[in-house]
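Chemist: Each chain, letter by letter, is given below.
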Amino acid sequence: AQSVTQLGSHVSVSEGALVLLRCNYSSSVPPYLFWYVQYPNQGLQLLLKYTSAATLVKGINGFEAEFKKSETSFHLTKPSAHMSDAAEYFCAVSETGGFKTIFGAGTRLFVKA
Amino acid sequence: KAGVTQTPRYLIKTRGQQVTLSCSPISGHRSVSWYQQTPGQGLQFLFEYFSETQRNKGNFPGRFSGRQFSNSRSEMNVSTLELGDSALYLCASSGGTGTEGYTFGSGTRLTVV
Numbered sequence: 001a002q003s004v005t006q007l008g009s010h011v012s013v014s015e016g017a018l019v020l021l022r023c024n025y026s027s028s029v030p031p032y033l034f035w036y037v038q039y040p041n042q043g044l045q046l047l048l049k050y051t052s053a054a055t056l057v058k059g060i061n062g063f064e065a066e067f068k069k070s071e072t073s074f075h076l077t078k079p080s081a082h083m084s085d086a087a088e089y090f091c092a093v094s095e096t097g098g099f100k101t102i103f104g105a106g107t108r109l110f111v112k113a
Numbered sequence: 001k002a003g004v005t006q007t008p009r010y011l012i013k014t015r016g017q018q019v020t021l022s023c024s025p026i027s028g029h030r031s032v033s034w035y036q037q038t039p040g041q042g043l044q045f046l047f048e049y050f051s052e053t054q055r056n057k058g059n060f061p062g063r064f065s066g067r068q069f070s071n072s073r074s075e076m077n078v079s080t081l082e083l084g085d086s087a088l089y090l091c092a093s094s095g096g097t098g099t100e101g102y103t104f105g106s107g108t109r110l111t112v113v
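Here the protein sequences line up with chains A and B, keeping their order.
Going by this note's numbering, the residue at position 23 of the first sequence is 23; the numbering climbs one at a time, nothing skipped.
Going by this note's numbering, the residue at position 25 of the second sequence is 25; the numbering climbs one at a time, nothing skipped.
Read the hints as simulated data drawn from the structure, not as lab findings.
Hints may be right or wrong, so weigh each one.
As the list claims (entries may be wrong) - Chain A side only, calculated, beta carbon under 8 Å to chain B, not exhaustive:
no., residue
1, 39
2, 40
3, 44
4, 97
These numbers were taken from a predicted model, which means no experiment stands behind them.
Quick reminder that beta carbons are idealized off the backbone N, C-alpha and C, glycines included.
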């Protein structure tokens, strides 16, 4: 069965600092992995996705994530945080033929001026 | 192109009533998935429809049901509402492979009193 664990329900960084949001997954087959962002009172927006083409995936708004099979991880990073990055971030996993995406509990990112 | 449209945006219902929520996917998308989002449980998968067929469903009671029409629009229905059904209900559309990622609507905020 597939599952996702996000380490840290809240992460706080200073503006301009590195953003690192952690995600570990469990899947019985090669997974498809995603990061989504949710701003208050809105739906989720796809940031990036891993579909086995490349282990380092670049997404929108300067975010990227690296797939590490040996660590079953898919951590999200951004070199320099901006105030507008403050939001909740969700890691998610999907399997071919499952027609279901499982989401992690989410990590709320706070950015301090 | 137009995004995923969910109506209504907000709903207040009384315990015991029933409610129907609507979702219009992105043009050309044949898959619609529904999620319930609450602070305590996070994002929980309800069901997924593709070409009017339910391909997967989550662990929700039978009071939660859905359907999809030939134009890919989808509705979900909750009967005999309980206080615990208060949540943000999110609709997500995709091409249907289950691996390309979702485009989410802004959600319907249901409050049961």
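Chemist: Each hint needs a verdict: does it hold in this structure or not?
Modeler: Against the structure, the hints come out as follows:
no., hint, result
1, 39, "violated, 10 Å"
2, 40, "violated, 11 Å"
3, 44, "holds, 5 Å"
4, 97, "holds, 7 Å"
In summary, the structure is inconsistent with hints 1 and 2 from the numbered list given earlier, while agreeing with the others.
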